[in-house]
Amino acid sequence: GNSVTQMEGPVTLSEEAFLTINCTYTATGYPSLFWYVQYPGEGLQLLLKATKADDKGSNKGFEATYRKETTSFHLEKGSVQVSDSAVYFCALSTNYGNNRLAFGKGNQVVVIP
Amino acid sequence: DTAVSQTPKYLVTQMGNDKSIKCEQNLGHDTMYWYKQDSKKFLKIMFSYNNKELIINETVPNRFSPKSPDKAHLNLHINSLELGDSAVYFCASSRDNLGGQPQHFGDGTRLSIL
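Going down the list, the sequences are from chains A and B. The opening position of the first sequence corresponds to residue 1 in the working numbering, with each subsequent residue numbered one higher. The opening position of the second sequence corresponds to residue 1 in the working numbering, with each subsequent residue numbered one higher.
No lab work stands behind these hints: they were computed from the structure. A few of these clues could be false.
So the derived label-pair ranges between C-beta atoms look like this [to be verified]:
{"hint": "1", "chain 1": "A", "residue 1": "83", "chain 2": "B", "residue 2": "86", "range": "38 to 46 angstroms"}
{"hint": "2", "chain 1": "B", "residue 1": "70", "chain 2": "A", "residue 2": "70", "range": "30 to 38 angstroms"}
{"hint": "3", "chain 1": "A", "residue 1": "82", "chain 2": "B", "residue 2": "52", "range": "39 to 47 angstroms"}
{"hint": "4", "chain 1": "A", "residue 1": "81", "chain 2": "B", "residue 2": "26", "range": "45 to 53 angstroms"}
{"hint": "5", "chain 1": "A", "residue 1": "1", "chain 2": "B", "residue 2": "41", "range": "31 to 39 angstroms"}
{"hint": "6", "chain 1": "A", "residue 1": "53", "chain 2": "B", "residue 2": "86", "range": "36 to 44 angstroms"}
{"hint": "7", "chain 1": "A", "residue 1": "58", "chain 2": "B", "residue 2": "38", "range": "39 to 47 angstroms"}
{"hint": "8", "chain 1": "B", "residue 1": "16", "chain 2": "A", "residue 2": "5", "range": "32 to 40 angstroms"}
Here are the computed lysine-lysine pairs in the DSSO-like style, where the Cα-Cα straight-line distance is at most 27 angstroms [what the hints assert, rightly or not]:
{"hint": "9", "chain 1": "B", "residue 1": "52", "chain 2": "A", "residue 2": "60"}
{"hint": "10", "chain 1": "B", "residue 1": "9", "chain 2": "A", "residue 2": "68"}
{"hint": "11", "chain 1": "A", "residue 1": "56", "chain 2": "A", "residue 2": "68"}
{"hint": "12", "chain 1": "B", "residue 1": "9", "chain 2": "A", "residue 2": "105"}
{"hint": "13", "chain 1": "B", "residue 1": "9", "chain 2": "A", "residue 2": "77"}
{"hint": "14", "chain 1": "B", "residue 1": "19", "chain 2": "A", "residue 2": "60"}
Using N, Cα and C, we set each Cβ at its ideal position, and we do this for glycine too.
So that you can see chain A by itself, here it is in the shape it has in the complex:
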């Protein structure tokens, strides 16, 4: 079945630091990959997506590249701000699952001033 694995545990870092959140996946066929962000007390918002191998999704300074050879979609940002504090979810969907999203467990990111 389809599954997404995110690195364990919260991520705490200082403002202007470099952020990486690892995401690997297992899927039948060729999935589309997503990063969603959840700010406190809110729903999920699409941060970026990639639909085929070697695609790079980018938004608000965040980037992730669809790597088929390593089945990964790691999220990066070069210089985080306090306002980036949120929970980040990696997810995938395929053409075989009626677009259901399989989510990773999420990573709480806390940016300290």
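Please arrange chain B on chain A, whose structure you already have, making use of the hints.
Here is chain B on its own, set in the frame of chain A:
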């Protein structure tokens, strides 16, 4: 204009009660979903409708019953509420049910069972 709106935002009730959560989207999308987020933030699909037809029905207790009166609305009715039903329930929509369509989420309904 809110794209996907859920009501109520908070729902506090006692065990054994029956409650409903409503969801509406004004994006003109064909497909709507219900997800459950547990206390550890893990998200799991529950149901999905495409043009009022049920297309995803995960293994959830049959106390949970979705209803889609039209493609802009997907409601969730829960009978005989139990402590384990305490969670945040998210409604979402997408243009259609083909893989790769981004989903737009509501702000969630926080259900607490006393």
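- Item | Unmet hints by their number, sorted upward, for this structure | 1, 2, 4, 5, 7, 9, 10, 13 and 14
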